[in-house]
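Asker: Residue numbers (the working numbering), protein chains in the order written: chain A, 10 to 414; chain B, 10 to 414.
If you're looking for bench data, these hints aren't it; they were derived computationally from the structure. Please note that the accuracy of each hint is not assured.
It does not matter which identical chain is used: a pair holds within one copy or between any two.
Simulated pairs of lysine-lysine, DSSO-like, Cα-Cα distance not exceeding 27 Å [said to hold, decoys possible]: (1) 250 - 272; (2) 138 - 200; (3) 230 - 119; (4) 138 - 64; (5) 119 - 138; (6) 320 - 64; (7) 138 - 218; (8) 64 - 36; (9) 196 - 177; (10) 218 - 177; (11) 320 - 230; (12) 64 - 29; (13) 309 - 281; (14) 119 - 309; (15) 196 - 281; (16) 229 - 177; (17) 36 - 328; (18) 64 - 309; (19) 309 - 218; (20) 64 - 177; (21) 268 - 29; (22) 36 - 196.
There are 2 protein chains.
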Amino acid sequence: MALIVQKYGGTSVGDVERIKNVAARIKATVADGNQVVVVVSARSGVTNELIARAKAINPRPDTREMDMLLAVGEQETIALTAMALHALEVPAVSYTGAQAGIVTDLVHTKAKIMNIVPTALRNDVAAGKVIIVAGFQGLNAQGQITTLGRGGSDLTAIALAAALQADKCEIYTDVDGVYTADPRSVKEAQKLDEISYDEMLELASQGSKVMQSRSVEFAKKYGVIFEVRSSFNHNPGTLVKEEVSYMEKVVVRGVAVDKDQAKVVISNLPDKAASAAHILRALADASINVDMIVQNVGHKGLVNLTFTVPKEDAHGAVKVLPAIFEKLGGGEVAAYDNIAKLSVVGVGMRTHAGVAAQMLEALAEQNINVELIATSEIKVTLAVPRDRADDAQRAVHTAFGLGKV
Amino acid sequence: MALIVQKYGGTSVGDVERIKNVAARIKATVADGNQVVVVVSARSGVTNELIARAKAINPRPDTREMDMLLAVGEQETIALTAMALHALEVPAVSYTGAQAGIVTDLVHTKAKIMNIVPTALRNDVAAGKVIIVAGFQGLNAQGQITTLGRGGSDLTAIALAAALQADKCEIYTDVDGVYTADPRSVKEAQKLDEISYDEMLELASQGSKVMQSRSVEFAKKYGVIFEVRSSFNHNPGTLVKEEVSYMEKVVVRGVAVDKDQAKVVISNLPDKAASAAHILRALADASINVDMIVQNVGHKGLVNLTFTVPKEDAHGAVKVLPAIFEKLGGGEVAAYDNIAKLSVVGVGMRTHAGVAAQMLEALAEQNINVELIATSEIKVTLAVPRDRADDAQRAVHTAFGLGKV
Chain A
10 MALIVQKYGG TSVGDVERIK NVAARIKATV ADGNQVVVVV SARSGVTNEL IARAKAINPR
70 PDTREMDMLL AVGEQETIAL TAMALHALEV PAVSYTGAQA GIVTDLVHTK AKIMNIVPTA
130 LRNDVAAGKV IIVAGFQGLN AQGQITTLGR GGSDLTAIAL AAALQADKCE IYTDVDGVYT
190 ADPRSVKEAQ KLDEISYDEM LELASQGSKV MQSRSVEFAK KYGVIFEVRS SFNHNPGTLV
250 KEEVSYMEKV VVRGVAVDKD QAKVVISNLP DKAASAAHIL RALADASINV DMIVQNVGHK
310 GLVNLTFTVP KEDAHGAVKV LPAIFEKLGG GEVAAYDNIA KLSVVGVGMR THAGVAAQML
370 EALAEQNINV ELIATSEIKV TLAVPRDRAD DAQRAVHTAF GLGKV
Chain B
10 MALIVQKYGG TSVGDVERIK NVAARIKATV ADGNQVVVVV SARSGVTNEL IARAKAINPR
70 PDTREMDMLL AVGEQETIAL TAMALHALEV PAVSYTGAQA GIVTDLVHTK AKIMNIVPTA
130 LRNDVAAGKV IIVAGFQGLN AQGQITTLGR GGSDLTAIAL AAALQADKCE IYTDVDGVYT
190 ADPRSVKEAQ KLDEISYDEM LELASQGSKV MQSRSVEFAK KYGVIFEVRS SFNHNPGTLV
250 KEEVSYMEKV VVRGVAVDKD QAKVVISNLP DKAASAAHIL RALADASINV DMIVQNVGHK
310 GLVNLTFTVP KEDAHGAVKV LPAIFEKLGG GEVAAYDNIA KLSVVGVGMR THAGVAAQML
370 EALAEQNINV ELIATSEIKV TLAVPRDRAD DAQRAVHTAF GLGKV
């Protein structure tokens, strides 16, 4: 008898009918002779409604109270899902994060899971019950309700799969799996049967919004193999796991585009060793994440520094930097809100030169300007004009032969 | 420094603006130099929405899951209320029923409070914080969330006031207090400055829907003096407490009408000692509450038995009884769904004869038929035709001089 952890996201449990549909899937898994532990999110929209109500009352709500508030979304879904299983005559019992033994640190609204003590849960599994656990939430050592931040329900599922040493972990969502590119922009995009943690991480951080990076990192750390698949059909999904030997033959696994980017250009900086460090420290202190940093020396020994930031942080960067320029004795900043990041990802890249060259050639053929280039071991990222991002994605997807045959 | 427990019902915290209004009232209470513990209900409508969603999924939802579901209503309100206080710069912290130490028995959806262990709560009060407690909910000895059933938030407030030995308990609702009659039907009705627990109980059980009986009973048992008042104005409310000597001078305290009643008439019962007992046992087993029982012997030694039941139980009574008639060797049943119960209540009645007579005279003057009469120590109840109930209430209200002078 296998123990399977299944996670259903907000759209999968969005309304009464969908919750019934999820219950039917769970029942089928039980009928196949499995023990099942289910993690569910809040119904889609509920969390945003709660946040809107909070902000209408207090523009800067206390984070402890925010967790108290947001935890109700998942608590509603677990009860409804258990009731739906009872209607199908499947024994089931709901667990809040606290009841499931999910112990977090003391940070509110983005707590980290410290430990899972699933004693009660294990007893109920052994007694033949399906367990429905509220995703996204836990309890800290002071007995306070905490939430895990974005992608928290995925994390709950992966962490429970690790703690229970589950045989399988299935992440049900509204897409069929991980694709070689976003199927909405690239119609030839193919679903991948499997992908390594590292490739998934690079794709996730570059805008393939299937899953948050932290859940994939957690799965990698604890060796939890999981499958990303759709709750709306029975197609097989994508298996995410440690890289295996035959993966190495594949140079490029997929293409990702992130359109919510801006380019920040700092010019005329005095060429001191610490100039860039001061600037990056100031941005870090303002919680602005920079990426694709390029520095070059211009005329008269003055330095230019260019990088990308999430679009919504561009204004913050422009506001924060002049104070630093004053200390450094010079500098100007400008932000350009018309950038997209295009990445190709693949573990095979490590042993294959020329990936960047091949990308640049494909884009040159389409007359698409490349503004910045950044490379890592398994990824090449280019900054391109946002209005050419879809063309660029298609051109690169074709150049690497990722399309359907 | 006085410790005050305040309870705000669902209409008082019905939306964002009303929650802000409640926060302002709490702030004013704190500014007067008081320590404040607040109990809040779910926003009005939320509990019914949750129940509707549950019933759409499972017509007979499991009671444990129902409690898991319903507890979210109050959990939302406590977080929002705490945020509203923070916006007014009042230190505040929310508590679920479990966190407030409210320990219940194992019965789901209508749990009884067994004990309150408000250790953490007391520490936060001592630290100068306003405590916002989720009404209606607790935790049982197995770590399961329970709810207290109808009127549960009032009960939470009264029980907390008892456990904390609060100096004052204020029940905020959408009416100004307890009136001599329903002000919607009797425009001369007067608000009472004070009323005894027993009078309040008799009025509550007879349809003055200010508060559920169980909360008043709990208050009487533990000697918790509380005030019923409106959250929408600053009028003083009605103080509910043990009877005091000067109350005895007042014969009748108030009039109540319950229109949701039916009369059940059982005729031609064999005159056996156990006939009525068998019938009442069968009704009790079917959870049908009977009231105003009258038995008389008709012709040929056959017995008639008449009583009132809540309107929605009339059909159940008619269905349950024929099986009993078969065992008893005779009997017929008919239900009349056109009855209202009119009660006058007052502790002074104990020492004053003639209250029933005075009521009957007042009704006779208006040509209102009285179908049944029942009396207790502090109450006289008459069953009257439902379409004359308002006339009857006004006539009796005037007869006892309860109107405004």
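Asker: Would you mind marking each hint as holding or not holding in the structure?
Answerer: Tested hints:
1. 250 - 272: neither (34 Å within a copy, 71 Å between copies)
2. 138 - 200: So residue 138 and residue 200 fail the 27 Å test inside a copy (34 Å) and across (55 Å) alike.
3. 230 - 119: Result: close within a single copy only, 19 Å intra versus 46 Å inter.
4. 138 - 64: The answer is between: 22 Å across copies meets 27 Å, while 39 Å in one copy does not.
5. 119 - 138: between (31 Å within a copy, 25 Å between copies)
6. 320 - 64: within (23 Å within a copy, 45 Å between copies)
7. 138 - 218: neither (33 Å within a copy, 42 Å between copies)
8. 64 - 36: between (39 Å within a copy, 20 Å between copies)
9. 196 - 177: Result: close neither inside a copy nor across copies, 31 Å intra and 69 Å inter.
10. 218 - 177: within (22 Å within a copy, 54 Å between copies)
11. 320 - 230: The answer is neither: 31 Å in one copy and 63 Å across copies each exceed 27 Å.
12. 64 - 29: between (32 Å within a copy, 12 Å between copies)
13. 309 - 281: within (13 Å within a copy, 118 Å between copies)
14. 119 - 309: neither (46 Å within a copy, 81 Å between copies)
15. 196 - 281: neither (49 Å within a copy, 86 Å between copies)
16. 229 - 177: within (14 Å within a copy, 57 Å between copies)
17. 36 - 328: Neither. Shortest intra-copy (55 Å) and inter-copy (38 Å) distances fail the 27 Å Cα cut-off.
18. 64 - 309: neither (50 Å within a copy, 76 Å between copies)
19. 309 - 218: neither (44 Å within a copy, 85 Å between copies)
20. 64 - 177: neither (39 Å within a copy, 33 Å between copies)
21. 268 - 29: Result: close neither inside a copy nor across copies, 36 Å intra and 40 Å inter.
22. 36 - 196: This pair counts as neither: shortest intra-copy Cα distance 34 Å, inter-copy 59 Å.
Violated hints, in rising order: 1, 2, 7, 9, 11, 14, 15, 17, 18, 19, 20, 21 and 22; the structure is consistent with all others.
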